[in-house]
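Number of protein chains: 2
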Amino acid sequence: MWEFKTPGIPDELFERTEKVPITKEEVRTIQISKARLLPGQVVYDIGCGSGSITVEAAIQIEQTGKVIGIDFDENAIELTKKNVEKFNLSNVSLVFGNAKEKIKDLEQADVIFVGGTGGDTADIVQLCKEKLKTGGRIVIGIILIETLYSVLKVLEKIEFTSVDITQVTISKSRKTSTGTMMLARNPVTIISAAKN
Amino acid sequence: MWEFKTPGIPDELFERTEKVPITKEEVRTIQISKARLLPGQVVYDIGCGSGSITVEAAIQIEQTGKVIGIDFDENAIELTKKNVEKFNLSNVSLVFGNAKEKIKDLEQADVIFVGGTGGDTADIVQLCKEKLKTGGRIVIGIILIETLYSVLKVLEKIEFTSVDITQVTISKSRKTSTGTMMLARNPVTIISAAKN
Numbered sequence: 032m033w034e035f036k037t038p039g040i041p042d043e044l045f046e047r048t049e050k051v052p053i054t055k056e057e058v059r060t061i062q063i064s065k066a067r068l069l070p071g072q073v074v075y076d077i078g079c080g081s082g083s084i085t086v087e088a089a090i091q092i093e094q095t096g097k098v099i100g101i102d103f104d105e106n107a108i109e110l111t112k113k114n115v116e117k118f119n120l121s122n123v124s125l126v127f128g129n130a131k132e133k134i135k136d137l138e139q140a141d142v143i144f145v146g147g148t149g150g151d152t153a154d155i156v157q158l159c160k161e162k163l164k165t166g167g168r169i170v171i172g173i174i175l176i177e178t179l180y181s182v183l184k185v186l187e188k189i190e191f192t193s194v195d196i197t198q199v200t201i202s203k204s205r206k207t208s209t210g211t212m213m214l215a216r217n218p219v220t221i222i223s224a225a226k227n
Numbered sequence: 032m033w034e035f036k037t038p039g040i041p042d043e044l045f046e047r048t049e050k051v052p053i054t055k056e057e058v059r060t061i062q063i064s065k066a067r068l069l070p071g072q073v074v075y076d077i078g079c080g081s082g083s084i085t086v087e088a089a090i091q092i093e094q095t096g097k098v099i100g101i102d103f104d105e106n107a108i109e110l111t112k113k114n115v116e117k118f119n120l121s122n123v124s125l126v127f128g129n130a131k132e133k134i135k136d137l138e139q140a141d142v143i144f145v146g147g148t149g150g151d152t153a154d155i156v157q158l159c160k161e162k163l164k165t166g167g168r169i170v171i172g173i174i175l176i177e178t179l180y181s182v183l184k185v186l187e188k189i190e191f192t193s194v195d196i197t198q199v200t201i202s203k204s205r206k207t208s209t210g211t212m213m214l215a216r217n218p219v220t221i222i223s224a225a226k227n
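Protein chains in written order, with our numbering: chain H, 32 to 227; chain V, 32 to 227.
Note that these hints are calculated values from the structure, not bench results. Where hints are given, some of them may not hold.
If chains are identical, the list can't say which one is meant, so a pair holds when it fits in one copy or spans any two.
[Said to hold, decoys possible] Taking lysine to any residue and the SDA-like style, the derived pairs with C-alpha atoms no more than 25 angstroms apart in a straight line are: (1) K164 with E105; (2) K162 with V73; (3) K206 with G166; (4) K97 with E132.
With the hints as constraints, model all of the structure from the sequences given.
Here it is in structure tokens:
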């Protein structure tokens, strides 16, 4: 389904529904790069939404790895399942429920992606630190100002290393009757860090 | 040197000099993703500068592939050579000179990256179409408004398919004495397209 080695699957190749958000191609590509993936890794995708990060990560970590997608929206789990099937992936398992409760029972992770988490992002980041292996990486995609503030506060308290804060603003072209204009998308802040 | 599977090598891992530009991590990651690389491919990196795209592409296309880096600045060729050595790559060859003359003699390419080309970008894009294999992809990184305009004009004339125009604006955090601010970098426009 995705024959290339590099990440960056076009958005239109994913199944979509109106109610479930997707991490769009370019932002997703940067998030995947900040994770620094390797075959065989165990990866959580917390707030997997449409499953676009789950799918890209599952391809990169290959058959020997494992992605665990988690979402508290049943529609998201269903949609992620569809996309996992569409891309013929057999190294993904999906967990429906609140990540704060669900990740306690999971095996330790090499990489944790944190996406839309309904206001709980800071709490979840704290929990993630316990679930990460030494040297493991966390990559957090943030849209809300309140989430950005609370995650910064948490990162001051719990010691991560190599903290990187990158804001990404993407514009895409649109043809008008007289030329080419650029249409801006909302900025996304990507925070990545490693556990010592 | 880069043990991970995913692209996105931090800028500080590359040798740098003041006079030679580098395509920075996040923009480079998106450019690599738009190229859709595969092992075994032949890739040109026109205007290779510091060689950061040459290095990332060479890793992705593996030993069976080949990257040809081209630059008309001898300092750039020297610096790219240093970085190719630093990352232990043996699938890169470097060409010093004007791309408009030099690419004529090269074997056909699967992917062509076009970077800083001293005002000749539109002409080079036209030449690149001849050098691309059917199904091959071109990825152009553009900073100057004049270059963007001239490349758009060229793309209207010569028929590429799947043209994607993406403007990327990256901000990075900086700690001040009282908090965390975001520092903006200049926007880069990435045009990618395929040859039918």
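Hints and how they fare:
no.: 1; hint: K164 with E105; verdict: neither (29 angstroms within a copy, 45 angstroms between copies)
no.: 2; hint: K162 with V73; verdict: within (11 angstroms within a copy, 41 angstroms between copies)
no.: 3; hint: K206 with G166; verdict: between (46 angstroms within a copy, 24 angstroms between copies)
no.: 4; hint: K97 with E132; verdict: within (20 angstroms within a copy, 48 angstroms between copies)
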